[in-house]
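In the order they appear, the protein sequences are chains A and B.
Every letter in the first sequence is one number past the one before it in this note's numbering, and letter 254, counting from 1, is 273.
Every letter in the second sequence is one number past the one before it in this note's numbering, and letter 83, counting from 1, is 102.
Worth flagging that the hints you see were computed from the coordinates, not collected in a lab.
Bear in mind that the values here come from a model prediction, so they are computed numbers and not experimental data.
Hints are not guaranteed to be accurate.
Treat identical chains as interchangeable: a pair holds within one or across any two.
Claimed, not checked - With a Cα cut of at most 25 Å, we get these calculated DSS-like pairs of lysine-lysine:
1) 264 x 375
2) 498 x 327
3) 473 x 327
4) 375 x 427
5) 267 x 180
6) 94 x 264
7) 501 x 327
8) 404 x 498
9) 126 x 529
10) 267 x 126
Here are the chains, one letter per residue:
There are 2 protein chains.
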Amino acid sequence: MNSVRAFSVKALLAFSGTSMRFTCTTIRCMSCPPNNQSPVEATKQLEWKALPGNDEARLNFVLKTPKGTRDFHPKQMAIRERVFNIIINCFKRHGAQTIDTPVFELKEILTGKYGEDSKLIYELKDQGGELLSLRYDLTVPFARYLAMNKITNIKRYQVAKVYRRDNPAKGRYREFYQCDFDIAGKYDTMVPDAECLKIVHEILSELQLGDFLIKVNDRRILGGMFAVCGVPENMFGTVCSSVDKLDKNPWAVVKKELVQEKGLKPEVVDHIGDYVQQSGGLELIQRLQQDPQLSQNKQFLEGLSELKALFEYLELFGVTRQISIDLSLARGLDYYTGVIFEAVRLWDQKELHVQKQNGYNEDLNVGSLAGGGRYDELVRMFDPKGKKVPCVGVSIGIERICSLMEKKAAEERVRTTTTQVLVATAQKDFLKERLKLISILWDSGIPAEMLYKKNPKLLSQLHYCEETGIPLVVIIGEKEMKDGVVKLRVVKTREEVDVPREILIEEIRKKLNLS
Amino acid sequence: MNSVRAFSVKALLAFSGTSMRFTCTTIRCMSCPPNNQSPVEATKQLEWKALPGNDEARLNFVLKTPKGTRDFHPKQMAIRERVFNIIINCFKRHGAQTIDTPVFELKEILTGKYGEDSKLIYELKDQGGELLSLRYDLTVPFARYLAMNKITNIKRYQVAKVYRRDNPAKGRYREFYQCDFDIAGKYDTMVPDAECLKIVHEILSELQLGDFLIKVNDRRILGGMFAVCGVPENMFGTVCSSVDKLDKNPWAVVKKELVQEKGLKPEVVDHIGDYVQQSGGLELIQRLQQDPQLSQNKQFLEGLSELKALFEYLELFGVTRQISIDLSLARGLDYYTGVIFEAVRLWDQKELHVQKQNGYNEDLNVGSLAGGGRYDELVRMFDPKGKKVPCVGVSIGIERICSLMEKKAAEERVRTTTTQVLVATAQKDFLKERLKLISILWDSGIPAEMLYKKNPKLLSQLHYCEETGIPLVVIIGEKEMKDGVVKLRVVKTREEVDVPREILIEEIRKKLNLS
């Protein structure tokens, strides 16, 4: 069984970054425990022998993360923490509470909620017991939570990962965070809806990502428009999904799809085209109110009058400059029943030019930075008595935001730790003194590090500070010990002062507030 | 197809809390799309008709979270946030960076790392593509991350959920958080190990959970002891797992298991018993150094001398009062190679009495509040060149800590929002004025709420503040509008003052710093 060690290392370019394929000779065959051993003992031994020295079986595997997923490195995490803080602080500023739900749900909970995207749901293996699926979004689990706990009103946020077996080739991840804010409850029309849009505006402004636009529409406006145009009721969903493509395609392409693939009459499609290519503010609402056909459609008028109220509230919030009604906006998810919205980054000509030169042009239309809408019927689907709990909510497109932020920070030096002080020495045999001193700093709440080597060089200690951005160094040596002081050094200015030990913490605090 | 609506609601007591079983008549049969429709259209229509009014098929399902999982409500989340902050701040105080890894890994990555617990790993269904498993802990993914990215030294923390198909009847959850801190790299002996123990001490002290004890041992000490007693090498794992039960069982029970179930000779077991029932501090180390048999075992001496160094460092940190060497501590996971440790809550007689009266006695030994150790060989299992990256780390038992904290806070009123101001009115038709005002507060970074009703009563607005702990109310009405002021009310004292609008934000900030 003792074969010659043979590693064949080969770099593979995988979606999730670098990965390595190698022939690993380290792990013994699971199915063949040696004689006189229980399977348990055999398994135990496996681990103790699973080292490259004991080559008894071969296992081929690739050292990578699963397709469509990735690790986040410390620098990425530091940027993400900044972004998450801005988003969560905004949610809290609006009085939201938070909840948490399991990463998987009973399979039936997710069934029939996502239309044609249901095929993207991850299922768990049947290992005996319940059939489970990984959550596809945070909205359906939230609705399940409300129905199960009989909660009829709540303002909640949730930041968690969701899972979709999507195509990584399209630049989509299979595991990603969602940051959701939702308001559940029967309230006066459009007040919670306006708050959701205000939140998107606050977050995108604070993130300083550049110009953005929040497109708004209403499912009832779409429904009314399509009815007026003569679209059969059962084709609402499929017409929506074609029209929704207008943000990335010219009308001619969408028209072709509607006529040739979906079989609508050309005159019906032209009629649709006249409507859905319109966008604007209050003046559009006024124009639509006077449309002879639309003004006869009850569903349409209901949507339009609520959109008008929404706009009035948004004017009071002073955010309408970044908001536009876009009659082609349809949104993918099926559970929306009223207002829908989506925020996108607006690129100016100069930015487009720079991005094209840098080869980023595929990112220009990476999709929405935030999206949401009203879903008044979803909770009812879970409630045994069919009780209605109207909801409106928004999901912040954190992955897209973070990728924009990462590009912005590509040249920047981002600190990945919060260490304020390095405890250093220039002399040998000062490990114990350093340990005593750093313990005092930790116990005083000051983020501090020291090199773990017994006798590190002063230069490498100072170099470590510059590399990782630590602003202060506390240096101890024989002379300082004798004098009952330590040297406090400011890394940036190289300024050094002797500080009596009794006032060291105080001095560090002072320096940190100033520098 | 139109059947009579029939709901049968029945409460079920499930592990994860209240759940409801009901016959839901709301969702149409997926497999029978009506004629003339593509499956896509049929699916679309499904959602739009999936309301209790359109009963065309029946689906039996239980409204619950999966077995062994649970939702977290706002109050629990508020407590968890407090606990997480203390833990993460401590990790950061020690200069740790953070990373994130996917919730699932390639199945092979986890294979052969968890000994007999491998059966508890969740697997994903094979939906075409890679075979995946949900992570079982954060340590193996961390080791995979180090090997894959060729990182040889890092101090990192990670807070994330892990998954184990464990038995909920034993009070174990199947989804829970781990908070891990690990130091990877070849450093001088025991310095990083001492820091891990210092971190446990800092966190448990700051959480004020009551008295605790950190038990320490070393895998090499166990190995040496068992060898000296005459335990065959291949029985190391199984003897460990019996001896580890000494924290919950008297020696007689463990002895019986070792003799009757595992087949060791009684004199061997007695010899083991003499050793593993010992615990103590430096004096125990000195006694063991003089043991005629143990002092001949190289592996034992190696472990002991490192434990001695560890103790010296811990004395410099001033934490040895809560630390005890416990020769029965073995820890479940197989990847440990050196120092191991575990922190437990110490109950005094009075507490034991109170807990028994409250029926909490089953929680007395809920398990460890933190645990960890050195695992020098794990990264090597993933490295194609078999490169060794020594690691030591600790995992904080956040779920147990949170359940203790929840019990402490059971009577307490825990705020679940951070709202500081309610924007209120005593008069009708002030919705727009409230919206304008609250927008100013939000834009100034002040957490504020208002009731969504158009014309709420002042009493219900004040009541809302008391209920949710909002400290300040800003009241506007006609008189205030005319005078260019608002009324600023302190909820607790009921004190009210008129504040000019120009200085409102300033006044609110002043009040919040004071109250």
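Hints versus structure:
1. 264 x 375: Cα proximity of residue 264 and residue 375: one copy only (22 Å, versus 65 Å across).
2. 498 x 327: neither (77 Å within a copy, 29 Å between copies)
3. 473 x 327: Result: close only across copies, 16 Å inter versus 71 Å intra.
4. 375 x 427: within (16 Å within a copy, 58 Å between copies)
5. 267 x 180: neither (27 Å within a copy, 38 Å between copies)
6. 94 x 264: neither (35 Å within a copy, 42 Å between copies)
7. 501 x 327: Answer is neither; intra-copy 78 Å and inter-copy 28 Å both fail.
8. 404 x 498: Neither. Shortest intra-copy (80 Å) and inter-copy (47 Å) distances fail the 25 Å Cα cut-off.
9. 126 x 529: Neither way: residue 126 and residue 529 sit 57 Å apart in one copy and 52 Å across, limit 25 Å.
10. 267 x 126: Answer is neither: 34 Å inside a copy and 39 Å across each miss the 25 Å cutoff.
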